[in-house]
Amino acid sequence: SQAAWCELPSRVLLVLTFQRGIQMYESDGSTMVFWHALHVPEQPAAHSVFARGIAAAGGHFVCVGTSSGAVLVFDIPPKGTNVTLSEILEQHQDPITDIAAEQGQAPDGAGDLVTADDSGTLCLWSTGEEFTLLGKIPGSGCTCSSVRLWNGIVAAGYGNGQIRLWEAGSGQIRAQVSAHARWIYALDLAPLTGKLLSGAEDSFVHVWQLSRDPDTDGIEIQHCHAECVTDTQVCGARFCDPAGDTFAVTGYDLSEILCY
Amino acid sequence: RVDEWTDVDRKRVMNDIISAMFKRNFMEELFKAQDLYSKKALRTVYDRLAHTSIMRLNQASMDKLYDLMTMAFKYQVLLCPRPRDILLVTFNHLDAIKDFISDSPGILNQVDETFRQLMETYNCLSDGEFQLIRQTLLIFFQDMHIRVSIFLKDKVQNSNGRFVLPISGPVPWGTEVPGLIRIFNHKGVEVKRSEFTTAGNYITPQREGSFELYGDRVLKLGTNMYSVTRPVETHVSGSSKNPAAQAKENLVPNPLAKEELNFLARLLGGLDIQKPAGGETGFRLNLFTTDEEEEHAAQTRPEELSYKVINIEATQEPGRRAELSRILGELEVTEPR
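Chains as they are written, first to last, in the UniProt record's numbering: chain A, 1 to 260; chain B, 1 to 337.
Since the hints were derived computationally from the structure, they do not count as laboratory data. In this text, all values refer to a predicted model and were calculated from it rather than measured experimentally. Treat each hint with caution, since some may be false.
Some residues of chain A that are not near chain B, with every Cβ distance over 12 Å (derived) [unchecked claim]:
1. Arg52
2. Leu85
3. Asn151
4. Thr193
Distance ranges between label pairs, derived from CB positions [unchecked claim]:
5. A:Trp5 / B:Arg162: 27 to 35 Å
6. A:Val12 / B:Asp216: 48 to 56 Å
7. B:Phe211 / A:Gly21: 30 to 38 Å
8. B:Met69 / A:Thr81: 24 to 32 Å
9. A:Leu192 / B:Asp35: 38 to 46 Å
10. B:Asp35 / A:Trp35: 39 to 47 Å
11. A:Thr81 / B:Phe211: 30 to 38 Å
12. B:Leu138 / A:Asp241: 53 to 61 Å
13. B:Glu28 / A:Asp241: 49 to 57 Å
14. A:Leu192 / B:Gln206: 27 to 35 Å
15. B:Met69 / A:Ser27: 20 to 28 Å
16. B:Gln206 / A:Ser140: 21 to 29 Å
Heads up, the beta-carbon is just placed ideally off N, CA and C, and yes, glycines get one too.
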């Protein structure tokens, strides 16, 4: 199950995925605004049905990924419970792992939403009343577990410990980092500074600096800092502020949230 | 006491239990796609399996055996370098089992058959699917921190019950040693390389483990922990980190969902129990040093760690009750003298 805050201009919703469904709550947790049950195929499935990957996008949409590869797009009214399923995006063949909306300024034609799946395939979309597929980056067999989008740069974390930067507009790879020795569970981005945070099962959390030179169109990534959470497989890592001065970490079997 | 047993007894118990586990009906049920069953259900199945031969265990020894099993399994799942390696761990288990019954061709066949079924079902799964399986298993074992002597001695477990996660050694097959950053220009041509360093000390792996019926698994996880005689102590501490969650699980009035009860009935119905013949006596396995110690352990086991074995007869539905009574009747074993 996952939980994510979806910050829209009009309201903030808490969106939860759990076995076979999606729930949305008001930001104070007081009322359930909406729930959606996932379609379970009739014949006993050899594969489980679940929702995974949540992002607020396009001003008034919340996108949620599913195990079938479909991405559900929900239209959120500024107030009240009249949430409707606006569209189902069906470009992925494999279960969705993560979805991210553009956190900075997208260059022209770069799209403002990226979706990722188990095969490592990334899809780039432009949001609106109808979402349009702008491009597809085929996977190379390794699961893309986590993804972020900033200033037209897709930052993707993979199950083999790699971080790759892709140019959203062209689909071209711009950087490849042998970042972790195990499965990357979490990526987060600080939009004010372009800092990237990665957390993995190898117990490490790394802070990186992304940059994009507008003149040369060079994209760079540099390593800033490493933390080792001894004997802990890091499962979650998030910046606590938009500049990325502090971050929080969670891990398997860990009942605490560690703040750095 | 275990030292009253002869080698013939040991062989008998080994053969009986392995034969029961790998029986076709039992395996067929296990291979059906289903949700992970509850802790109570798992403990019940384990109990039955442990008693399919002439060996008996008291509650305290059974609890300890189960503790050992769950912590060892948790260790193996947690430390798998790649999600796919949980399959290699399983193959290691089967390789060791085949070694125990190497002179019983009938049982050997059953195990090989299960091996083939595992390969057929799981070899083709993606990394993402394996990670999902692994995550589901890890959630099942979350917050269990029973200390196991053999792990403490080998320094794979800390005194607080948490496992040591090394930050050195070979990286998983398919992963690169961390440190390299490669930058490409907009045409995809590499234009820069740089390096970063961390506290980790990793090396490249030599080869990948085999997923075939026979082969070098490379991975040591899942190999026989007791290939040399080792101590079996476990240390159960009274303080549970998450008492609220434990209490909630024990408070549910009808702990089993209907589906799980059905599943258990089918599963246990497939377990073929060896009844000791006329003059045979069974043997009691005591995992503690004395009977008194075993009794003491039973009385002092912390409440939140008591495994409430399912009493299947306590079901309400008459139809189901009759069916289960019949199955249980078939499973009844004469108490050894």
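*Does 38 to 46 Å hold as the CB distance between Leu192 of chain A and Asp35 of chain B, or does it fail?*
44 Å, holds
*asked:* Does the beta carbon distance between Leu138 of chain B and Asp241 of chain A stay inside 53 to 61 Å, or does it fall outside?
replied: 31 Å, violated
*Non-interface claim for Thr193 of chain A: all C-beta distances to chain B beyond 12 Å?*
Given that every Cβ of chain B is farther than 12 Å from that of Thr193 of chain A, nearest at about 19 Å, it holds.
*Confirm or reject the claim that Leu192 of chain A and Gln206 of chain B have a C-beta distance inside 27 to 35 Å.*
45 Å, violated
*Okay, Asp35 of chain B versus Trp35 of chain A on CB: inside 39 to 47 Å?*
Hint violated: Cβ distance 21 Å, outside 39 to 47 Å.
*Could you see if the CB distance from Glu28 of chain B to Asp241 of chain A stays within 49 to 57 Å?*
At roughly 55 Å between Cβ atoms, Asp241 of chain A and Glu28 of chain B fall inside 49 to 57 Å, so the hint holds.
*Take the C-beta atom of Met69 of chain B and the C-beta atom of Ser27 of chain A, compute their distance, and say whether it sits inside 20 to 28 Å.*
Between Met69 of chain B and Ser27 of chain A, where Cβ atoms are some 44 Å apart, the hint is violated.
*Honestly, do Thr81 of chain A and Phe211 of chain B meet the 30 to 38 Å range at C-beta?*
For Phe211 of chain B against Thr81 of chain A, whose Cβ atoms are near 50 Å apart, the range 30 to 38 Å is violated.
_Range hint compliance [Cβ, Met69 of chain B to Thr81 of chain A, 24 to 32 Å]_ = 48 Å, violated
*Assertion that Leu85 of chain A lies outside the chain B interface [Cβ separation over 12 Å]*: Given that every Cβ of chain B is farther than 12 Å from that of Leu85 of chain A, nearest at about 25 Å, it holds.
*Note whether the CB distance of Trp5 of chain A and Arg162 of chain B lies within 27 to 35 Å or breaks it.*
Roughly 30 Å apart at Cβ, these two residues keep to the hinted range, so it holds.
_Quick check: does the Cβ-Cβ distance between Val12 of chain A and Asp216 of chain B fall within 48 to 56 Å?_
54 Å Cβ-Cβ, so the 48 to 56 Å window holds.
Of the numbered hints stated above, those contradicted by the structure are hints 1, 8, 10, 11, 12, 14 and 15, listed in ascending order.
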